[in-house]
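Number of protein chains: 2
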Amino acid sequence: MAIKYPNGKKYVPAATGAASKKPALQNSYSNRGMTLEKDLNDTNIFYLERGLAVIHKKPTPVQIVQVDYPKRSAAVIKEAYFQQASTTDYNGVYRGRYVDFEAKETRSATAFPLKNFHEHQIIHMRKVEEQNGISFVIIRFALTEEVFYLPACQLFDYWDRMEQGGRKSITKTEIENTGFLIPKGFQPLIPYLSVIDRLYF
Amino acid sequence: MAIKYPNGKKYVPAATGAASKKPALQNSYSNRGMTLEKDLNDTNIFYLERGLAVIHKKPTPVQIVQVDYPKRSAAVIKEAYFQQASTTDYNGVYRGRYVDFEAKETRSATAFPLKNFHEHQIIHMRKVEEQNGISFVIIRFALTEEVFYLPACQLFDYWDRMEQGGRKSITKTEIENTGFLIPKGFQPLIPYLSVIDRLYF
Chain A
1 MAIKYPNGKK YVPAATGAAS KKPALQNSYS NRGMTLEKDL NDTNIFYLER
51 GLAVIHKKPT PVQIVQVDYP KRSAAVIKEA YFQQASTTDY NGVYRGRYVD
101 FEAKETRSAT AFPLKNFHEH QIIHMRKVEE QNGISFVIIR FALTEEVFYL
151 PACQLFDYWD RMEQGGRKSI TKTEIENTGF LIPKGFQPLI PYLSVIDRLY
201 F
Chain B
1 MAIKYPNGKK YVPAATGAAS KKPALQNSYS NRGMTLEKDL NDTNIFYLER
51 GLAVIHKKPT PVQIVQVDYP KRSAAVIKEA YFQQASTTDY NGVYRGRYVD
101 FEAKETRSAT AFPLKNFHEH QIIHMRKVEE QNGISFVIIR FALTEEVFYL
151 PACQLFDYWD RMEQGGRKSI TKTEIENTGF LIPKGFQPLI PYLSVIDRLY
201 F
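If you read the sequences in order, they're chains A and B. In terms of full-length UniProt numbering, the first sequence has 65 at position 65, counting the first letter as 1, and numbering is strictly consecutive. In terms of full-length UniProt numbering, the second sequence has 25 at position 25, counting the first letter as 1, and numbering is strictly consecutive.
Hints in this document: simulated from the structure, not taken from any laboratory. Hints are all accurate, no fakes.
Copies of the same chain look alike in the list, so a pair counts if it fits in one copy or across any two.
Here are the simulated DSS-like pairs of lysine-lysine, each with C-alpha atoms no more than 25 Å apart in a straight line:
{"id": "1", "residue 1": "Lys-115", "residue 2": "Lys-71"}
{"id": "2", "residue 1": "Lys-184", "residue 2": "Lys-104"}
{"id": "3", "residue 1": "Lys-115", "residue 2": "Lys-172"}
{"id": "4", "residue 1": "Lys-115", "residue 2": "Lys-168"}
{"id": "5", "residue 1": "Lys-38", "residue 2": "Lys-58"}
{"id": "6", "residue 1": "Lys-104", "residue 2": "Lys-58"}
{"id": "7", "residue 1": "Lys-184", "residue 2": "Lys-57"}
{"id": "8", "residue 1": "Lys-38", "residue 2": "Lys-57"}
{"id": "9", "residue 1": "Lys-38", "residue 2": "Lys-115"}
{"id": "10", "residue 1": "Lys-104", "residue 2": "Lys-57"}
{"id": "11", "residue 1": "Lys-184", "residue 2": "Lys-172"}
Model the full assembly from the supplied sequences, consistent with the hints where possible.
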């Protein structure tokens, strides 16, 4: 189901809209992570359409400062700022269970830098785990196009190691050993529910 | 826990920021529903701090059209538009279960107009129910300050009745009979988990 808004237009993710104004950046910095986001959105639509799970990406949090209300047309936000998310980007429901994850991409071949996560997100994931939710991160190595499912409890170990003065990244070998390679799919592209099935059901 | 962003400022909900630029509207249209939203946010913080549940309001979906990137300062969104949400506003996890709801307020004394919900939200709630999630709406009657928990399955009945040509609202008596009055609390203000306990655990 392609969700359409009342104006009949298809939903265009915010980041794409912004990027379209800055074509020079399309294939460099601003586009980082867009492949993973797009593949996950397609995957979530696949799961949604087939009634397998209801998982959505949360909207980008924005602090709105000024809004114009022109007569006879839609309100226009004239000044706003990106806010740092206090939770993860994706959540929803699968077979009654709460599913919550963050997705990140790296161009490193050998390790995943922990600075990709914010402290708030780690705190959030710990709280989700305490509530018996299914919490994990999806990590994509762009160079090899490998996508891993890393359970949050494993991520906490690496995070705590860093906090105690240890390395600021997770080596790829560690991710291979403590996470799960998500086999590349066609429909869906990133079949992460298969890992949840294996771990929880 | 008051969530603070890296600039050290407390999170200010978008709608408040927008309203502050339009003081004339503060106590009329633009402020409608803010009491309920604020009370629910306080309730969710209460539940979060005590480790009882992890439930958040989703950010307002915004379509970003133009962003300026000034040197040495934060990116400024210069043109953006409010989008209609395709899901409900609140979701999270309670004792492993997925919780999902929408909250609405009315100034009517006798009935709750169904136009407060969008078709997309009803479709979303049906999918959540199919996945065995806990789906409901919170309805506040502003005049009497009564707050009700109405299970989604009941809402579907009223929605379907409207679709079949019936009344376009739910009478207050119907809400009293098929929903649950949430007793007014102090800590938390709207103790909706107590209804979930009664219905699901």
